[in-house]
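If you read the protein sequences in the order shown, they are chains A and B. So the number in my numbering is just where the residue sits in the first sequence, counting from 1, plus 47. So the number in my numbering is just where the residue sits in the second sequence, counting from 1, plus 47.
Possibly wrong hints are sitting among the right ones.
It does not matter which identical chain is meant; a pair holds if it fits inside one copy or across any two.
Lysine to any residue pairs mimicking SDA-like chemistry, simulated, CA-CA at most 20 Å apart [stated by the list, open to error]:
{"#": "1", "residue 1": "Lys240", "residue 2": "Arg376"}
{"#": "2", "residue 1": "Lys64", "residue 2": "Ala303"}
{"#": "3", "residue 1": "Lys64", "residue 2": "Arg299"}
{"#": "4", "residue 1": "Lys422", "residue 2": "Ile237"}
{"#": "5", "residue 1": "Lys66", "residue 2": "Glu232"}
{"#": "6", "residue 1": "Lys372", "residue 2": "Ile131"}
{"#": "7", "residue 1": "Lys372", "residue 2": "Asn124"}
{"#": "8", "residue 1": "Lys56", "residue 2": "Asp160"}
{"#": "9", "residue 1": "Lys49", "residue 2": "Arg297"}
{"#": "10", "residue 1": "Lys56", "residue 2": "Gly180"}
{"#": "11", "residue 1": "Lys343", "residue 2": "Tyr256"}
{"#": "12", "residue 1": "Lys422", "residue 2": "Pro408"}
{"#": "13", "residue 1": "Lys105", "residue 2": "Gln350"}
{"#": "14", "residue 1": "Lys56", "residue 2": "Gly159"}
{"#": "15", "residue 1": "Lys104", "residue 2": "Glu94"}
{"#": "16", "residue 1": "Lys372", "residue 2": "Gln442"}
{"#": "17", "residue 1": "Lys49", "residue 2": "Asp160"}
{"#": "18", "residue 1": "Lys362", "residue 2": "Asn157"}
{"#": "19", "residue 1": "Lys240", "residue 2": "Glu272"}
{"#": "20", "residue 1": "Lys105", "residue 2": "Gln86"}
FYI, nobody ran anything at the bench for these hints, they're computed from the structure.
2 protein chains.
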Amino acid sequence: MKISERGTKIQASPIRKLKPFADDAVARGIKIYHLNIGQPDIATPPEMINVYRGFHKKVLAYGPAQGLDDYRTNLVNYYRRQKIEISADDIIVTTAGSEGIIFAMLVCCNPGDEIIIPEPFYTNYNGFATISGVRIVPLTTHAENGFQLPPDSDIIARISARTRAILLCNPGNPTGAVYSCTDLERVAEIARKNDLFLITDEVYREFIYDGLTHTSVMHLAHMEERAVLVDSISKRYSACGARIGCLISRNRELMAAALKFAQARLCPPTIDQMAANAAIDIGQEYFDKIIKEYDKRRNVIYQELQKIPGIICVKPQGAFYIIAKLPIRDSDHFARWMLSEFHVHNETVMFAPAAGFYATPGMGSDEIRLAYVLKEESLLKAMSIFRKGLAAYIQSGQI
Amino acid sequence: MKISERGTKIQASPIRKLKPFADDAVARGIKIYHLNIGQPDIATPPEMINVYRGFHKKVLAYGPAQGLDDYRTNLVNYYRRQKIEISADDIIVTTAGSEGIIFAMLVCCNPGDEIIIPEPFYTNYNGFATISGVRIVPLTTHAENGFQLPPDSDIIARISARTRAILLCNPGNPTGAVYSCTDLERVAEIARKNDLFLITDEVYREFIYDGLTHTSVMHLAHMEERAVLVDSISKRYSACGARIGCLISRNRELMAAALKFAQARLCPPTIDQMAANAAIDIGQEYFDKIIKEYDKRRNVIYQELQKIPGIICVKPQGAFYIIAKLPIRDSDHFARWMLSEFHVHNETVMFAPAAGFYATPGMGSDEIRLAYVLKEESLLKAMSIFRKGLAAYIQSGQI
Chain A
48 MKISERGTKI QASPIRKLKP FADDAVARGI KIYHLNIGQP DIATPPEMIN
98 VYRGFHKKVL AYGPAQGLDD YRTNLVNYYR RQKIEISADD IIVTTAGSEG
148 IIFAMLVCCN PGDEIIIPEP FYTNYNGFAT ISGVRIVPLT THAENGFQLP
198 PDSDIIARIS ARTRAILLCN PGNPTGAVYS CTDLERVAEI ARKNDLFLIT
248 DEVYREFIYD GLTHTSVMHL AHMEERAVLV DSISKRYSAC GARIGCLISR
298 NRELMAAALK FAQARLCPPT IDQMAANAAI DIGQEYFDKI IKEYDKRRNV
348 IYQELQKIPG IICVKPQGAF YIIAKLPIRD SDHFARWMLS EFHVHNETVM
398 FAPAAGFYAT PGMGSDEIRL AYVLKEESLL KAMSIFRKGL AAYIQSGQI
Chain B
48 MKISERGTKI QASPIRKLKP FADDAVARGI KIYHLNIGQP DIATPPEMIN
98 VYRGFHKKVL AYGPAQGLDD YRTNLVNYYR RQKIEISADD IIVTTAGSEG
148 IIFAMLVCCN PGDEIIIPEP FYTNYNGFAT ISGVRIVPLT THAENGFQLP
198 PDSDIIARIS ARTRAILLCN PGNPTGAVYS CTDLERVAEI ARKNDLFLIT
248 DEVYREFIYD GLTHTSVMHL AHMEERAVLV DSISKRYSAC GARIGCLISR
298 NRELMAAALK FAQARLCPPT IDQMAANAAI DIGQEYFDKI IKEYDKRRNV
348 IYQELQKIPG IICVKPQGAF YIIAKLPIRD SDHFARWMLS EFHVHNETVM
398 FAPAAGFYAT PGMGSDEIRL AYVLKEESLL KAMSIFRKGL AAYIQSGQI
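Required output: the full structure, derived from the provided sequences and hints.
This is how it looks when you write it as structure tokens:
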């Protein structure tokens, strides 16, 4: 019985597809340092945990399709602190950022339409594009200039009759790039001139270093009809398992359509929304502490990578990932080898091969993405094992 | 800025689209009896509530894309009690049954492919079909014979070169029909002969009356490659807000493809899975009590409907819905009128107009779906108001 072509062709997650090798390593008694996935080790705030612990309703019922009224009303305050002025009607709560991106693709594009996305990009955009039948047109960016946006002419050259939107991840996963207000304004100008939506994935908004400030798509002028913001609490409150995100736009027609898609799936998780609601008033001091911690880790991983001969990488400005170009040919093979063949005193390191983050064939096969989501001590240990592993891999001649 | 055609065309949920009228009624101080949505008033089991209340992890982390290992392993036991023999590898935990149906459509069909579904059907299948680009081919069933499946020739007549699957909801929402083993076996035979998948939505499995037994698609012989089961805990444990379902198939290729779609959205809600896991061992006595309660409500609503002149309906065999044909022309208008214009001592009734449950244009416009999810006393009150409302509506000449 043949399954669908799209079921056969959909990209296997380069982040998740190594799981069987990891499971096998664990079964052999190997401890794995997980630099492969953006699962922070930061404690979920007690404000959220206390909601679960204090749950006392008789029935765990459906909420409204657009999200709990209380939560949407309070989200307005969160966004006001980000200098984003919206109303509750501009917000639909989604089942994590993933569903937000899917809804954005569904309401902006018909099947066969195109979205321009700077690569390397968050690999799961590929899956969302398969679900929605959208074609991703990659706009290659480079480590050499910190994965910043290329000149207007490069962007415009990728616009076709089927282009409906430009999608930016800002701060960037996996690049760590933070786009300047000037760069966002020139992309907005391109969107206006070519009648495109500008969709931004801003789930790493809080994670910005070196005193940089974040520019949201919702800050841009004359973009009321075109700006679509996708957000999530997964990283903000280290609550990846809560599956709460949102879709934001001032375009009423777009939100009315998105609501119909939302109604089809009834509602996002109820108790997770209640927990997210309790986190709204967490102040800047909470983030300051966490950003200080991530900044330390960023410096550690960057310094450790700099010590390894033949590695090319730039210091990320945001999020908690770094892309490193290695002196090998096939980082996917190297990742599997690290799990299957290599260990130091029964410990090894897991990371994400970067080819899956590119849409252009052949690109990224010598690159990896590392998530600096571990404490300094563990990170130093992991990087020491990584360095030894890379040296052994190169020495074994498997490159 | 024009949104997508599919965003414009996707069906507004006939269940949810009345919400603004309901909100307005509430604002005017009207109490609404909700017979419009399958939100049970039954308490969520303490086994589940205690998981939330006892949550003590430091980080609310991502789980595996296919669901928590513990939960999948334990689900095998639940299904064994239903005489369904599967392994944990045959299960992918989904974000409610909704996502299970979407995954099933994505892996069985390419865009433009067709699925045959008996109508009236669960209205949100329309939204899932829009998301996945699948065309629903309706197979009309009738109140007169309890919405049972039509003869083979009627089913076969709807098969085209693009047909990839038959989708059955058993027990049926909104029909309350329970398909016999014999009927399922003849559909299975049609599926085998015409190389089709047989997808069943069995989320109301536990809710069966009159001593009937449930036949699952997983019980059918020679269907290993074709049978796809979608399930949910929403109704089973009165936990609609938990958003936990699953997709089950013994077709390994299909499950491998579904896993890739699952990986794209990372994971279903973590804590809700932990709660669902705690409910696995809830025994038959729990369901016996609830089914007895629903059976009582079923008898009440059926008897009350029988008292109203000109109403046609059959006693449902399963689930907790009843379709009633009214002596009016436009049940959508009547539903809005009940919320906007009518009340008895500041109380009114909300129900779902049935046209949205049909794909054949014009069908169901004189029918409604009532969910008997309220206690006997409230149900009697609601039906009394409904009867008065219908009489007043007819008398007003608006039909």
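Where does the structure disagree with the numbered hints, that is, which hint numbers, in rising order?
1, 4, 5, 6, 7, 12, 13, 18
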